[in-house]
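Engineer: Each chain, written out:
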Amino acid sequence: MVLAALLVAAATLADLEVALQPAPGRLTVQMAVGSKLPDDWTQGLSAGAPVSITYRLRLYRNRRWLWDLRLASHELVVKAQRDPLTGVFSLVSELDGEILASGQADTLDEAIFWVTHPPSAELALPLRHEPLWLFVRAEFLTRYKLLVIPSTVGTDWVQKAVPESP
Amino acid sequence: MSDWRRRWQRYRRQNRVLVGLYLGLLVLTGAGFALFSRLSGLPSEDLTNRLLLFLLWWFDLTLIAVVLFIILRNLLRLAMERRYGILGARFRTKLLLSYLALSLAPTVVLFVLGVSLLSRAAASWFAAPVEGMASASVQLAEGVRREAEARTSRAAEVIARRLSELDGDAARLAELERLHGLLGNHLTTLYRGGVPVVELVDPRQRPLVRVPPLEGAALRSSGVRGERHAGTLVVRGWQVLNDGSVVLVGEALPPSLVKAQARLAAAGAAYERLKLDRPTITATTVLGFGGLALLVAFAAMWLGLYFSRRFTAPLLALAAAARRVAEGESLEEVPLPAEDEVGLLVSSFNAMARRLQAREDELQAAVRRLRTVLNAIRTGVLTLDSGRQTVLANPAAAALLGTPELVDTPQLLDVLAGSFPRLVESIRSATSGFRGSLTLYPTGVARQVEIAVVALGTEGQVEGWVVALEDLTQLLRAQRQAAWSEVARRIAHQIKNPLTPIRLAAERIARQSERRSPELPVVVEQGCAAIVEHVQAMQEMVDAFARYAKFPPLTRRPVQIGEMVQHVVALYEGVRPGVQVQCSDGSGGREVLIDPEQFRQVLTNLIDNAVEASPPQATVAVGVQWEGDEVVFTVTDEGTGLPGEDTEVLFQPFYSTKGRGSGVGLALVQRIVTDHGGTVRLENGPRRGVVATVRIAGEQR
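Those protein sequence lines, which keep their order, are chains A and B. Read left to right, the first sequence gives residues 2 to 167 (the working numbering). Read left to right, the second sequence gives residues 333 to 1033 (the working numbering).
The set of hints was computed from the structure by calculation and includes no laboratory data. Small disclaimer: the values here were computed from a predicted structure and weren't measured. Among the clues, some could well be false.
Cut-off 25 Å, straight-line C-alpha distance, at most; resulting in silico cross-link-like pairs (DSS-like, lysine-lysine) [unchecked claim]: (1) A/K161 <-> A/K37; (2) A/K37 <-> A/K146; (3) B/K591 <-> B/K607; (4) A/K80 <-> B/K607; (5) A/K146 <-> B/K607; (6) A/K80 <-> A/K37; (7) A/K37 <-> B/K607.
All chains, full assembly: derive it from the sequences and hints.
Structural biologist: Structural data, given as structure tokens:
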């Protein structure tokens, strides 16, 4: 019971929701940030500063006797900026530097929803002989501890086992 | 050692390799990170920030590592040097700690002050007035837009309400045109079915001519929208009528106003971006100042160590050279160039070293010459320390004593005590200038050795002793053979002299007997008398020979020498008329270890000769006195003096210038004196006569 309660609590406390949809040779990843974004990030966006959320996706091959082998590393960057003249939020999502989607939002909430629910990313999957794991994390901004030690503000790493394709 | 190896060691000493490696790694790492970041598709601004931060981090961390390495290495090295007592370690420790304190303390203060000042400066950038201005600029831009949105929405609403009250297209179009002019709209459009059917545009607002129509989805409900178009901001508000048609009113803000708004908005956005980057700016500042401070500390420390080595090297080299000299090594010059006072000290030290080296070379040469002489001479030489505990021998002495181990290394004198107790006793008890003779048995064969002991150094401070051993065995044997030859010759001569008259007397008796001469009884009487006389002379000669040959050994005892001399002289009172024997006693009543019977024989023989050689009415002076550690006897006569030949011959047995006597008197004198370790000498007096001088070592009591 206690373990179940802990698992439920962990599930409800999850900052980043990740849904995987396997296909032959491909993996569709749908992410959603469930936690509240940092205030300075939100204020910067509403004030017209260009902000972004970087989703890091790392695909590992789980090996039994050796350390896990990283097969691929991807970055999904969702950028947002408000035009103070028009009040419109410009939104762009890029996967590994390639524009994946773009759009506009008229309100801050729409813009935040857009960046916290980025378009799904399709990753190439290699031929598998061993289990694959996907690690995903969302990074909002960088702060510094003791003035000089960089510390990334974001969600924890979410580990998902890549299911077999149907 | 190869040239490359020398270069490598020099470079390593100067830490150039370390610095080169550091800079090379810095450049390589920075370039690699830049390439990696560029490949990751980062924006140029982020790339610059990350690269700058990374380089600063790298710079700071490596500088911290280098500074810590230098400090720890030098501290460790100094600790080891102090542990092993290497010269100069304490001095260098003090210098290093002083440099550390002098360099690190100001650097830390400078770093703290600089970071504080820059942090305050950065905080001032984000002060409330700036924040307010930035916020106001954004609000102003939005306010203008919202004002335009309100105007267009209100105008669209008014027109829509009016058109709803009218029936017929003609009336509506007329009213639309009237209100467009009346309200001063820039753009008035009537949509029906999602398609603009009427569009009225103020001819002064050309950008509105090419504004694309709103999409159908947006026209399903009333709304307002601002859009950038042709360098200006176009605000459009629309209102849906009851029949589904839409009235849209548009307004184009003046381009100059829009440009100003755009600049304000851009400034505000840049400010917000800057605000988001504030932690990065602070970190960059701190890291930059930290790197600068570390660089200053590193440079100060390096220079301090370099100069401390440069300043202390000549002094430490001097101290090390002096220490080596103190430990017994040879004096050497210090090969360190210096031009200041230390240089003067070094040059003075080198001059002193050269001078002392020259003296040492001369001394070494003298020692080599002395060693060569000692190795070459046939006289054995023993050298002893001041306490006469250890002994070193030259090859001749080692061969004489049969102890070759004494040549190379000094040995205790006790090693000779077992084989040569008398020699060791003589060496230990002898005073400087002692001379004597010993019979040694190094290999079971007797060897006659003359020994002389001399002290080295001054009288008050004896630095060592030298013992000379002269092997007189061969010489004495040769002298003995020569003496026996001479003795045989003289005995033959002595025997031959009486034989002739004996033979002549016998022949005369024989002739007178053959002739039956009446003088035969007289001749027989005379001949027998002559024969008896000469045979008696021969008997005396044989007795003297026997006395000389059977000379008894010495029996020493303490004797008051002055008293003994007076007793002997008293025996000669009136022995010869006209000759007076006088005694002068300067012995002071002290005693001497001698054989009194034999020494009385010496005095008797010398006084006999003096009395016999003296003319009538002469005086024989006999004296005894001390000269240092020697007791000196003198017997002076007033005769004709020495015959002018070698005086040594006078001491040979059976040699006589008197034409009578056995000729063993002076020989006995010399033998007795020599057995006492003394000397006897005959020489002419200052005016006339002969002075006989006997010296013996005064073992006074």
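Engineer: For the pair supplied as a hint, A/K37 and A/K146, is the alpha-carbon distance within the 25 Å limit?
Structural biologist: holds, 21 Å
Engineer: Starting from B/K591, check that the Cα of B/K607 is at most 25 Å away, please.
Structural biologist: Cα-Cα ~24 Å, so holds.
Engineer: Against the 25 Å threshold, does the CA-CA distance of A/K80 and A/K37 hold or violate the hint?
Structural biologist: holds, 17 Å
Engineer: If you draw a straight line from the CA of A/K161 to the CA of A/K37, is it 25 Å or shorter?
Structural biologist: Holds: A/K161 and A/K37 sit about 22 Å apart, inside 25 Å.
Engineer: Below or equal to 25 Å on CA atoms is what counts here, so check A/K146 against B/K607.
Structural biologist: Holds, because 17 Å separates the two Cα atoms, which is no more than 25 Å.
Engineer: Are A/K80 and B/K607 close enough, with their CA atoms no more than 25 Å apart?
Structural biologist: With a Cα-Cα distance of about 17 Å, the restraint between A/K80 and B/K607 holds, given a limit of 25 Å.
Engineer: Run the distance test for A/K37 versus B/K607: straight-line Cα separation, threshold 25 Å.
Structural biologist: Given pair A/K37, B/K607 holds - Cα atoms ~20 Å apart, limit 25 Å.
In summary, this structure violates none of the numbered hints.
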